[in-house]
Amino acid sequence: KQEVTQIPAALSVPEGENLVLNCSFTDSAIYNLQWFRQDPGKGLTSLLLIQSSQREQTSGRLNASLDKSSGRSTLYIAASQPGDSATYLCAVLSYNTDKLIFGTGTRLQVFP
Amino acid sequence: SAVISQKPSRDICQRGTSLTIQCQVDSQVTMMFWYRQQPGQSLTLIATANQGSEATYESGFVIDKFPISRPNLTFSTLTVSNLSPEDSSIYLCSVEDRSGGYYEQYFGPGTRLTVT
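Keeping their order, the protein sequence lines are chains A and B. All residue numbers for the first sequence refer to this note's numbering, where the first residue is 100 and numbers rise by one. All residue numbers for the second sequence refer to this note's numbering, where the first residue is 32 and numbers rise by one.
Some clues are possibly wrong.
Said to hold, decoys possible - Restricting the straight-line Cα-Cα distance to at most 25 Å, the calculated cross-link-like pairs of lysine-lysine (DSS-like) are:
id : chain 1 : residue 1 : chain 2 : residue 2
1  : B       : Lys96     : B       : Lys38
2  : B       : Lys38     : A       : Lys100
3  : A       : Lys167    : A       : Lys198
4  : A       : Lys141    : B       : Lys96
5  : B       : Lys38     : A       : Lys167
6  : A       : Lys100    : A       : Lys198
7  : A       : Lys141    : A       : Lys198
8  : A       : Lys141    : A       : Lys100
Unchecked claim - Partial selection, computed: residues in chain B whose CB lies under 8 Å from chain A:
id : residue
9  : Ser73
10 : Leu76
11 : Gln82
12 : Tyr88
13 : Phe92
14 : Phe97
15 : Pro98
16 : Leu104
17 : Phe106
18 : Glu135
19 : Gly139
20 : Pro140
21 : Arg143
22 : Leu144
23 : Val146
As the list claims (entries may be wrong) - Ranges of calculated distance between the beta carbons of each label pair, as one might list FRET restraints:
id : chain 1 : residue 1 : chain 2 : residue 2 : range
24 : A       : Asn162    : B       : Ser49     : 42 to 48 Å
25 : A       : Asp126    : B       : Ser40     : 34 to 40 Å
26 : B       : Glu85     : A       : Ala128    : 23 to 29 Å
27 : A       : Ile106    : B       : Asn81     : 20 to 26 Å
28 : B       : Ser100    : A       : Glu102    : 43 to 49 Å
Quick caveat, the hints were computed from the structure, so don't treat them as lab data. Quick reminder that beta carbons are idealized off the backbone N, C-alpha and C, glycines included.
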């Protein structure tokens with residue numbers, strides 16, 4: 100059974116810092132991995148999608164990497180801003196179930 | 032990408048009543064999904080809604096409690112029946128875009144339900 104874990108559960112950093120969010124999954128049989136952002140009480144915004152054959156994807160200040168063999172992904176946020184404060188969720192689309200399995204989330208706060 | 036809207040955005044309901052949530056997509060999609068997010072938790076899949084057939088429910092979710100309709104390729108509804116305070120959650124609709132070989136999921140803005 101696919102399990103997805105995110106570390107840390109919460110993170111508070113000053114503005115301007117570069118930071119790394121971690122995601123690990125137990126079954127490497129995946130189609131892809133997605134990183135989402137969720138603001139309090141709101142829906143999910145897709146940030147980056149990494150196909151199983153890819154190693155990384157970049158969008159602006161965000162860079163996501165994928166190491167499928169070790170079951171790990173990282174989301175790197177450069178020069179963090181207060182507007183980056185949100186919960187970040189990773190999710191894997193599993194071959195075996197054809198369903199998106201979500202991690203537990205990292206709640207990020209960036210203070211001025 | 033797909034643009035998804037949900038109605039209502041939030042509601043406060045009394046226990047024992049029902050709430051129907053609507054999900055509208057700006058393009059035709061084969062697969063639509065309904066998720067529940069309980070306070071402080073991650074997302075849990077309730078069911079997959081396919082047009083022209085009955086929804087497929089995940090373990091722990093039943094049709095009597097969460098009836099789903101999917102009348103066409105751009106619209107679906109989720110009803111949460113016989114509400115109890117434990118049903119207080121955010122309910123999210125999502126669609127999967129498989130065009131070009133990229134199985135990417137997009138989510139609606141969510142419906143925040145509070146049961147009193």
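| Pair hint outcome, Lys38/B versus Lys167/A [Cα-Cα no greater than 25 Å] | Violated - the C-alpha atoms of Lys167/A and Lys38/B are around 38 Å apart, more than 25 Å.
| request: Mind checking the CB of Phe106/B against every CB in chain A and telling me if the closest is under 8 Å? | output: violated, 17 Å
| query | Okay, Glu85/B versus Ala128/A on CB: inside 23 to 29 Å? | reply | About 28 Å separates the Cβ atoms of Glu85/B and Ala128/A, which means 23 to 29 Å holds.
| query | Hint check: is the beta carbon of Ser73/B less than 8 Å from a beta carbon of chain A? | reply | holds, 5 Å
| Per the CB criterion, is Leu144/B less than 8 Å away from chain A? | Violated: closest Cβ of chain A sits about 11 Å from Leu144/B, beyond 8 Å.
| task | Hint says 34 to 40 Å; check whether the CB-CB distance for Asp126/A and Ser40/B agrees. | result | holds, 35 Å
| Under the criterion that the straight-line Cα-Cα distance not exceed 25 Å, is the pair Lys100/A, Lys198/A satisfied? | Status holds; Cα separation ~12 Å.
| query | If you draw a straight line from the CA of Lys141/A to the CA of Lys96/B, is it 25 Å or shorter? | reply | Holds, at about 24 Å.
| request: Verify the proposed pairing of Lys38/B with Lys100/A, using a straight-line Cα cut of 25 Å. | output: At roughly 34 Å apart (the allowed maximum being 25 Å), Lys100/A and Lys38/B break the hint.
| message | Please check whether Gln82/B passes as an interface residue: C-beta within 8 Å of a C-beta belonging to chain A. | response | violated, 17 Å
| message | Need the status of pair Lys141/A, Lys100/A: alpha-carbon distance at most 25 Å? | response | violated, 28 Å
| Does Gly139/B pass the interface check with chain A, least Cβ-Cβ distance below 8 Å? | Since chain A brings a Cβ to about 5 Å from Gly139/B, closer than 8 Å, the hint holds.
The structure fails hints 2, 5, 8, 11, 12, 13, 14, 15, 16, 17, 22, 23, 27, 28 (numbered hints given earlier, in ascending order).
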